[in-house]
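Engineer: Below are the chains, spelled out letter by letter.
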Amino acid sequence: MSDPPARKKRARRLPPVQRREQLLDRALELLAESGAAAVTMQAVARAAGVARPVVYDFFADRAALLSALVAREESRALTDVLGVAPRLQIGSPLGADSGADFGADSGADSGAGFGADFGAGFGASLTTALQAFLEVVQGRPSTWRALLASPTGLPAEVAARLERAREATLEVVESSLRASLGARIAKLDTEVVARAVLAAGEVAARLVLTAPTEFPPARFTAFTSTLFGALARASAPAAPR
Amino acid sequence: MSPPRSRRRYAARLPVEARTEELLDAALGLIADGGFGAVSMHAVARHGGVTRPVAYDCFSGRDELFAALIAREEARMRTVFAEAARADRTDPRRLPADTLATLLEAVRDAPDTWRLLYLPLDTLPEGPRQRLASVRAELTTVIRAGFDAYAAAHGFPPEVDAEVAVHLLRAMVDMAGQRVLLDPDRYPPERMTAALDSVLDVFNPQ
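Here the protein sequences come in this chain order: F and E. Residue numbers for the first sequence follow this note's numbering, so the first one is 1 and each next one is one higher. Residue numbers for the second sequence follow this note's numbering, so the first one is 1001 and each next one is one higher.
Just chain F, same shape as in the assembly (with noise of 0.2 Å):
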């Protein structure tokens, strides 16, 4: 609508590479704090200081902004998750080794059945993975809200991105379920399960980014650990009554 007022101050000259970043890490800020909405061709302008036709020389128009915010962004997280994906791998032994201390009242006894034992180990590898998730998130808060964005006010287009890369992460959770629950469940459900383990650590990644305080990665990870354990020792045989 109306022009920014007179208070524009002219921008440093930028190399053109160096000038598309800045504008990217504007929008992301705006996205971050006010929602997809808030991202337009004259915010991002104002933001950054410069004349709108400057955004529009690097973007055609506000839905090629956020696609290339987007892609910039998820190829961060990407690198990010990458880097931990060891830890990130539900079900590998990495985790396992931990499970002592939930298997320990009913590991003792080789009768504990095959829940206990396993799934103290399962538990103890989902804590690992989302405690390595939960710090990805954290250490790059703006890029995971962005990610994480309610798709209302979202063009089409970067909507349908977002949600490509939530069914390509659906399809990692899900090869990692096969490989560990998959081998003591028979027919298990991997789709169903993996939307619900994504299901449950966008919620944990939403709530250390609005509310950090409350809601640290560490309280999820005792949660898990404190659960899987407890789920072991109900699965135990009865103690003698």
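The reader is advised that the hints may include incorrect statements.
Stated by the list, open to error - Taking lysine to any residue and the SDA-like style, the derived pairs with C-alpha atoms no more than 20 Å apart in a straight line are:
{"id": "1", "chain 1": "F", "residue 1": "LYS187", "chain 2": "F", "residue 2": "VAL172"}
{"id": "2", "chain 1": "F", "residue 1": "LYS187", "chain 2": "E", "residue 2": "ALA1071"}
{"id": "3", "chain 1": "F", "residue 1": "LYS187", "chain 2": "E", "residue 2": "ARG1191"}
{"id": "4", "chain 1": "F", "residue 1": "LYS187", "chain 2": "E", "residue 2": "SER1198"}
Rather than coming from a laboratory, the hints here were simulated on the basis of the structure. From a predicted model like this one, the values you see are computed outputs, not experimental measurements.
Start from chain F and add chain E according to the hints.
Structural biologist: Structure of chain E alone, referenced to chain F:
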């Protein structure tokens, strides 16, 4: 805005209560397809096969129609929550799947009603937004009660953080509900509850 076409058929005369119900059904269908923005007295009348004056006999305007609609749908959803809260607590193994089944079967049977629960709140008019926020809170209460019963039956120690549990469970219940809404043939309630049971079974004594 185009005038009703000449094919206008006269709807059978109905008592005002029955007519009101029909128009609320029409409005619910419009919301399911296009959100609250798709609802006008004109659209509701046309969708319900009546003239605008007939619609105005039932509701003074859009706000009153929204209020009546949300009151009806809220009552329907709360009835289901009450039923879910009555899930058999005698066998804790059955509790999670029974509760989930009650919720998801209701979603399958009345998708337009439950779609209201999953509309982004920021797209709703003020009145419906407050009511639906309160219905969402009620679902959280049901989940909390279910978790507490399960935890008690399994002798969970108090360190198991119930608040975190409810956040995570709520996200998973919402995921399941949205899948049933999206594609009930591919994601029937039985599929979702079977997946839940298969995972919990790992922890059941053999």
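Engineer: Which numbered hints turn out to be false for this structure?
Structural biologist: Failing hint: just 2.
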